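Enquirer: Between the sequences and the hints, there should be enough to build the whole structure, so can you do that?
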Amino acid sequence: NAGVTQTPKFQVLKTGQSMTLQCAQDMNHNSMYWYRQDPGMGLRLIYYSASEGTTDKGEVPNGYNVSRLNKREFSLRLESAAPSQTSVYFCASTRQGFEVSNYGYTFGSGTRLTVV
Amino acid sequence: AQSVTQPDIHITVSEGASLELRCNYSYGATPYLFWYVQSPGQGLQLLLKYFSGDTLVQGIKGFEAEFKRSQSSFNLRKPSVHWSDAAEYFCAVGAWNDYKLSFGAGTTVTVRA
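If you read the sequences in order, they're chains E and L.
Taking the numbering used here, the leading residue of the first sequence gets 1, the next gets one more, and so forth.
Taking the numbering used here, the leading residue of the second sequence gets 1001, the next gets one more, and so forth.
Because the hints were derived from the structure by calculation, they are not lab data.
Note that the structure is a prediction, hence the values are computed from the model and not measured.
Worth double-checking, as some hints may not be accurate.
Some chain L residues near chain E, calculated using beta-carbon distances under 7 angstroms [as the list claims (entries may be wrong)]:
1) Q1042
2) L1046
3) Y1050
4) F1103
5) A1105
With beta-carbon atoms standing in for the labels, derived distance ranges [stated by the list, open to error]:
6) L:P1079 / E:E79: 46 to 52 angstroms
7) L:E1066 / E:T86: 34 to 40 angstroms
8) E:D56 / L:H1082: 36 to 42 angstroms
9) E:D26 / L:E1064: 28 to 34 angstroms
10) E:R95 / L:G1028: 35 to 41 angstroms
11) E:E52 / L:K1068: 36 to 42 angstroms
12) E:S67 / L:I1011: 38 to 44 angstroms
We put the CB at the ideal spot given by N, CA and C, even for glycine.
Expert: Right, here's the structure in full:
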């Protein structure tokens, strides 16, 4: 049982380049999330998808777009990367979004992105 | 909206010594509280959670946490630390019927021999 799988694990981009971070879960979870982790700031929510077909902004959505491709997959796209987007990105999922407070998240292992 | 503060950025503890990590939350109603651990280069793993009942919660890896409503705290403890406990620890809070958790800034634990 793989849980939450993120690809790639590492990526270096030049300013202005675009890329898509992939996330897939095999736990039949309905809700999926993208967070970024920066030193001293903890995890900040970028976007989330409460269920297939829906997406909502979190606290730091600027510069990002997301796609909930199907129930399993939730991708994060950087259209024009900036150095401020250098971070570690985590995908997470939970059975039902409105029950997240009962169950918490299952996290992927992260993508370390550097924008130069 | 709910929020979490972890006052300690970094803690160093000797192997075999006890460990306590502080977490303070802000929320008007009964919070749902979590502790996660992140080992170097890894994702976050759930250590324990609280949302009702006994205020002393037992988790994995020998950790426990105590919910104190009067102090708005949910501190994590371990009686005897092992070198493998060196990691970053995050406290998180959720609210009833909310779709997301809010995380603190994290506390890095270093274990010295």
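Enquirer: Taking the hints in turn, state whether each one holds.
Expert: Tested hints:
{"no.": "1", "hint": "Q1042", "verdict": "6 angstroms, holds"}
{"no.": "2", "hint": "L1046", "verdict": "5 angstroms, holds"}
{"no.": "3", "hint": "Y1050", "verdict": "10 angstroms, violated"}
{"no.": "4", "hint": "F1103", "verdict": "4 angstroms, holds"}
{"no.": "5", "hint": "A1105", "verdict": "4 angstroms, holds"}
{"no.": "6", "hint": "L:P1079 / E:E79: 46 to 52 angstroms", "verdict": "50 angstroms, holds"}
{"no.": "7", "hint": "L:E1066 / E:T86: 34 to 40 angstroms", "verdict": "37 angstroms, holds"}
{"no.": "8", "hint": "E:D56 / L:H1082: 36 to 42 angstroms", "verdict": "40 angstroms, holds"}
{"no.": "9", "hint": "E:D26 / L:E1064: 28 to 34 angstroms", "verdict": "31 angstroms, holds"}
{"no.": "10", "hint": "E:R95 / L:G1028: 35 to 41 angstroms", "verdict": "26 angstroms, violated"}
{"no.": "11", "hint": "E:E52 / L:K1068: 36 to 42 angstroms", "verdict": "40 angstroms, holds"}
{"no.": "12", "hint": "E:S67 / L:I1011: 38 to 44 angstroms", "verdict": "40 angstroms, holds"}
Of the numbered hints given earlier, the model fails hints 3, 10; all others are met.
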